[in-house]
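Residues per chain, in single letters:
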Amino acid sequence: SQKIEQNSEALNIQEGKTATLTCNYTNYSPAYLQWYRQDPGRGPVFLLLIRENEKEKRKERLKVTFDTTLKQSLFHITASQPADSATYLCALDIDGATNKLIFGTGTLLAVQP
Amino acid sequence: GAGVSQSPRYKVAKRGQDVALRCDPISGHVSLFWYQQALGQGPEFLTYFQNEAQLDKSGLPSDRFFAERPEGSVSTLKIQRTQQEDSAVYLCASSLVQGVYNEQFFGPGTRLTVL
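Read top to bottom, the protein sequences are chains A and B. FYI, the numbering used here numbers position 36 of the first sequence as 36, with every residue one higher than the one before it. FYI, the numbering used here numbers position 83 of the second sequence as 83, with every residue one higher than the one before it.
There could be a bad hint or two in this list.
[Stated by the list, open to error] Okay, the calculated beta carbon distance ranges per label pair:
#	chain 1	residue 1	chain 2	residue 2	range
1	B	57	A	79	39 to 45 Å
2	A	16	B	81	37 to 43 Å
3	B	80	A	61	44 to 50 Å
[Unchecked claim] A few chain A residues facing chain B, derived, Cβ under 10 Å:
#	residue
4	38
5	62
6	65
7	91
8	99
9	104
In case anyone wonders, no lab produced these hints; they're calculated from the structure. C-beta: ideal position from N, C-alpha, C; glycine also.
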C-alpha cells in the first residue's frame, strides 16, 4: 500500500539544539515534497518545498533534504526555540497536473526552554 | 491580505442531519482543495477544483459527500445524513495556479462533531 511515515512519537528537545524530523515514503515517485507546520486549532502553514532534482534546501533556520533513492526527506530546525513547538507535516505531490498532496501523519515537536 | 476563511468554525450535528461547510479561498486562486483531518492524523485529500470544474473527487468517502464551486470562487462541502465517523476537521486550501510547484494556503478548518 502507499504510505508516508513520519516519526510516530513526539520529539522532545532542549532549546538551542537541532531538531531532525524524518519522512519516509513507499510506492511514490513524487515530483516534489513539501513541509508544513500545524499549530493546534489551525490549518497547516507552508514552510518549504524541495523538488526531486534538489538534494537540499535552506530557509533561515530550516533545512530540508530529499533523497529519492532512499525515498526519504529530513527536516532540520537549527537553534530550536520553544516557539518552534508544533506538529510538522510532510506532503508529497503525486499528481503534478493538479498539485494534489498526500500528507504524512505528522510529528509533534516540543522544544523545552 | 485576507487568507482562506472557513465557516462555521465549529459544527455539531445529530446523526442523520445534513451539514454544509463553506470555504472562501484567497481571491484569484485557481485551485481549491478539501481535506479531512482526523484527530492525530495528517490531512487526507477529498476533492479538487480548478476554477468551477471539479477535476478530482477520488477522496470523497461516500456518495453522502458532495462539493461544489459554482462560480469558481467560494466552495461548499455538503455532507448528507451525517454519521459519527464523519466527525473530523474539514480543511480547505487554495493555490494560485495548477501544474507548477505551488504551496497551498489552508484555512483554519471546520471541526464537525456528529453526535
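Quick rundown of the hints versus the structure:
1. Checked against the hint of 39 to 45 Å, the C-beta distance between residue 57(B) and residue 79(A) comes to roughly 44 Å, which is consistent with it.
2. Our hint of 37 to 43 Å for residue 16(A) and residue 81(B) is violated, since their Cβ atoms are close to 53 Å apart.
3. In this structure, residue 80(B) and residue 61(A) meet the distance hint of 44 to 50 Å, their C-beta atoms being roughly 46 Å apart.
4. The beta carbon of residue 38(A) comes within 8 Å of a beta carbon in chain B, closer than 10 Å, and the hint placing it at the interface holds.
5. Hint status for residue 62(A) relative to chain B: violated, with the closest Cβ pair at about 14 Å, above 10 Å.
6. The interface hint given for residue 65(A) is broken, as the beta carbon of that residue sits about 17 Å from the closest beta carbon of chain B, more than 10 Å.
7. Taking 10 Å as the C-beta contact cut-off toward chain B, the hint placing residue 91(A) at the interface holds, the least distance being around 8 Å.
8. Hint on residue 99(A) holds. Least Cβ distance to chain B is approximately 6 Å, under the 10 Å limit.
9. Annotation: interface hint on residue 104(A) holds; nearest CB of chain B at approximately 5 Å, less than 10 Å.
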